[in-house]
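Protein chains: 2
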Amino acid sequence: MPRSGSSPKKTVTMRDVARMANVSQSTVSRVLSGVEGGIPIGEETRRRVLEAVEALGYYPNLHAGSLRGQKTFMIAMMIADIGNPFYHPMVRAVQDVAHAHRYDVIIANSDHMREGEERFLESVIRRPVDGVIMVPYHLGEEELELLIERTGAAIVVLGQQIRHPRVDVVFGQDDRAMFEATTWLIQEKGHRRIGFIGVTEEFSAGARRKAAFLHALQQAHLPIEPELFEIGDWSVESGARAVRKFLSLTRPPTAVFAINDLMAIGAMEAAQAQGVHIPDDMAVIGFDDIPQATWVRPRLTTVAQYPAEMGRQMAEALFERIQKEYVGPGRRFEVSCRLVIRESV
Amino acid sequence: MPRSGSSPKKTVTMRDVARMANVSQSTVSRVLSGVEGGIPIGEETRRRVLEAVEALGYYPNLHAGSLRGQKTFMIAMMIADIGNPFYHPMVRAVQDVAHAHRYDVIIANSDHMREGEERFLESVIRRPVDGVIMVPYHLGEEELELLIERTGAAIVVLGQQIRHPRVDVVFGQDDRAMFEATTWLIQEKGHRRIGFIGVTEEFSAGARRKAAFLHALQQAHLPIEPELFEIGDWSVESGARAVRKFLSLTRPPTAVFAINDLMAIGAMEAAQAQGVHIPDDMAVIGFDDIPQATWVRPRLTTVAQYPAEMGRQMAEALFERIQKEYVGPGRRFEVSCRLVIRESV
DNA sequence: GTTCTTTATGCAATCGTATGCGGTAATTCG
DNA sequence: CGAATTACCGCATACGATTGCATAAAGAAC
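Chains as they are written, first to last, in my numbering: chain A, 90 to 434; chain B, 90 to 434.
Hints were generated in silico from the structure; no laboratory data involved.
Please note that the accuracy of each hint is not assured.
You can't tell identical chains apart in this list, so a pair holds if it fits in one copy or across any two.
Straight-line Cα separation of at most 20 Å, SDA-like style, residue types lysine to any residue; simulated pairs [claimed, not checked]:
hint : residue 1 : residue 2
1    : K160      : T102
2    : K160      : P149
3    : K334      : D370
4    : K160      : S324
5    : K413      : Q159
6    : K413      : R255
7    : K299      : R255
8    : K299      : R191
9    : K278      : I367
10   : K160      : Q412
Whole structure, please, built from the sequences with the hints as guidance.
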């Protein structure tokens with residue numbers, strides 16, 4: 090039964106337009122897609138077709154074009170968690186660039202988990218897209234290989250060491266910034282016991298920042314004391330938990346370095362709740378410079394990353410590849426970080 | 090020329106699987122889509138097919154299914170701005186429900202603008218999706234009519250008065266909450282000059298909340314003084330601007346009601362910058378209860394909405410329609426608000 | 001042994017669009 | 001006036017998966 094007449098969906102197709110304009114469906118296609126240098130179209134015909142398009146309110150069905158092997162006009166973006174403010178400017182920047190190119194954006198969360206990242210890869214294979222932007226913490230070259238060989242999509246990745254002729258990489262120089270900020274804490278501010286709130290080493294960014302932190306300690310000939318290292322999960326609550334551990338030590342640290350702002354804010358909250366004065370009793374420094382860093386009191390000293398800039402870079406690199414404006418080996422773009430000194434140190 | 094061998098994209102299709110398993114392509118389809126009650130498949134055949142699928146790493150191409158008139162396994166969601174923390178839990182909730190159903194989510198920003206909302210409608214017509222979730226501020230029934238008649242998508246809308254047999258509506262009871270909170274400010278807290286930071290009346294939510302505010306004033310027999318009404322654009326900065334205007338009055342208000350938390354936070358910031366003590370010199374109350382409301386000092390008193398709950402409601406209603414578990418007239422769901430008293434009043 | 005089910009599989013049409021190729025009419029040229 | 005261009009346009013097919021219908025083989029009933 091060919092769908093009862095009461096059904097509301099009546100898709101207007103090219104054939105309908107063709108019928109109304111008294112031309113063939115292929116002519117409609119040619120008028121609309123306007124191939125330069127292709128078969129020319131008569132003025133009269135073109136006019137009739139455009140009139141019919143207008144009258145029927147025809148919109149091309151993008152799925153059909155995708156199937157035919159054309160562009161899908163979609164890109165997919167994977168981030169850890171849309172709830173984390175750090176990603177918002179990044180997502181927004183990507184969306185803006187994409188929409189300027191008339192592209193839609195599918196957004197997926199990995200929740201910082203390996204399975205989440207793998208699920209994303211699979212979904213991209215099932216639903217081909219023209220481009221993929223990823224902020225992975227776990228997946229490396231081998232895993233991306235699958236994606237690369239199974240899809241024609243352009244690929245841009247943030248923050249992973251990946252060298253592949255078909256993927257561009259955008260890097261925040263977070264390790265260098267981490268080293269410099271730690272050194273600043275030690276040299277300029279005189280801190281010699283610094284608590285570190287990190288994450289498990291599975292996270293490449295976590296491992297990288299911790300290494301840079303350790304490097305700075307060594308450089309300053311400071312001892313590495315295990316009790317000053319706590320593991321969080323990027324969330325406000327985990328920052329609070331970590332600082333409570335620190336405060337229960339016989340000699341609490343005089344400063345705390347959290348590898349993201351959410352944990353730093355949690356640390357401040359929890360410390361203040363115990364009557365600790367910041368920065369006098371304990372200094373707190375974060376990483377990211379999310380907008381909320383200036384909302385808390387004292388305002389958070391932090392290492393600024395520029396997620397909007399990262400997003401823009403990634404999206405533009407991606408579209409250069411999608412539009413074939415760039416073909417060639419994988420590129421590397423660096424987005425710098427900057428120490429932003431406020432009141433919490 | 091049939092694409093040179095150097096090209097990286099080698100899509101594995103059902104035909105490849107069929108060839109390998111020595112069956113027809115339609116048999117592969119039947120094995121994979123596993124129609125219950127349909128034509129049965131021999132054990133041996135099924136095994137061969139599944140082996141071939143495994144060996145080739147086959148994934149079905151979702152675009153093809155969409156074209157054939159099946160589901161697209163995509164929903165589209167329109168919000169005002171992904172940068173606004175209020176939407177994050179909502180987006181997240183929608184994504185979670187969608188992913189549980191193996192659906193992808195396309196997210197678009199309207200930027201609070203009518204054109205943005207219209208652009209979204211068009212994009213949904215061009216790329217059919219199974220469901221649409223909208224948080225419109227401008228579009229009403231007539232505009233949605235176009236969407237409804239041109240697409241088979243299920244539709245759920247937040248916060249607009251729309252009565253249509255095919256769309257469900259989720260409502261925050263923001264008008265009632267606004268009235269009650271204002272009354273509380275007046276009766277319990279004794280404020281008689283309350284500054285109101287709203288938005289232009291084009292926003293239905295803005296108009297609704299302002300009406301509720303005015304209603305509360307009238308109920309309390311308070312005068313309506315134009316100088317106590319400022320127009321913002323939902324952003325932190327606009328809240329700051331508004332409060333500076335208030336402070337320049339000969340008789341500044343003793344309390345400020347902002348219709349969202351971002352503007353309230355901006356108001357607090359700007360007031361504090363001018364040495365105004367909150368809540369003693371001036372009370373501030375917001376709307377939404379974004380997580381950051383507890384990060385600022387003093388902690389923000391505000392009317393809590395429950396965006397995660399809203400998102401969940403919308404998504405579940407949507408999928409009930411998509412899966413045809415519900416067919417019937419448009420439903421209305423209410424999500425209540427609640428006054429959260431903290432330190433800023 | 002013939003006819004009728006039942007079971008399992010293949011064939012081919014279909015969705016909406018893009019495009020190579022071939023065909024027709026109008027135009028130009030010799 | 002006949003032939004060669006040129007300008008336009010339609011036919012047919014491809015894209016990948018779903019699905020109604022036909023069909024072949026096997027089994028059951030007579």
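Against the structure, the hints:
{"no.": "1", "hint": "K160 with T102", "in the structure": "both (19 Å within a copy, 18 Å between copies)"}
{"no.": "2", "hint": "K160 with P149", "in the structure": "both (13 Å within a copy, 18 Å between copies)"}
{"no.": "3", "hint": "K334 with D370", "in the structure": "within (16 Å within a copy, 38 Å between copies)"}
{"no.": "4", "hint": "K160 with S324", "in the structure": "neither (38 Å within a copy, 37 Å between copies)"}
{"no.": "5", "hint": "K413 with Q159", "in the structure": "within (14 Å within a copy, 32 Å between copies)"}
{"no.": "6", "hint": "K413 with R255", "in the structure": "within (12 Å within a copy, 43 Å between copies)"}
{"no.": "7", "hint": "K299 with R255", "in the structure": "neither (30 Å within a copy, 54 Å between copies)"}
{"no.": "8", "hint": "K299 with R191", "in the structure": "neither (41 Å within a copy, 36 Å between copies)"}
{"no.": "9", "hint": "K278 with I367", "in the structure": "within (14 Å within a copy, 32 Å between copies)"}
{"no.": "10", "hint": "K160 with Q412", "in the structure": "within (10 Å within a copy, 29 Å between copies)"}
Hint violations for this structure: numbers 4, 7 and 8, all remaining hints satisfied.
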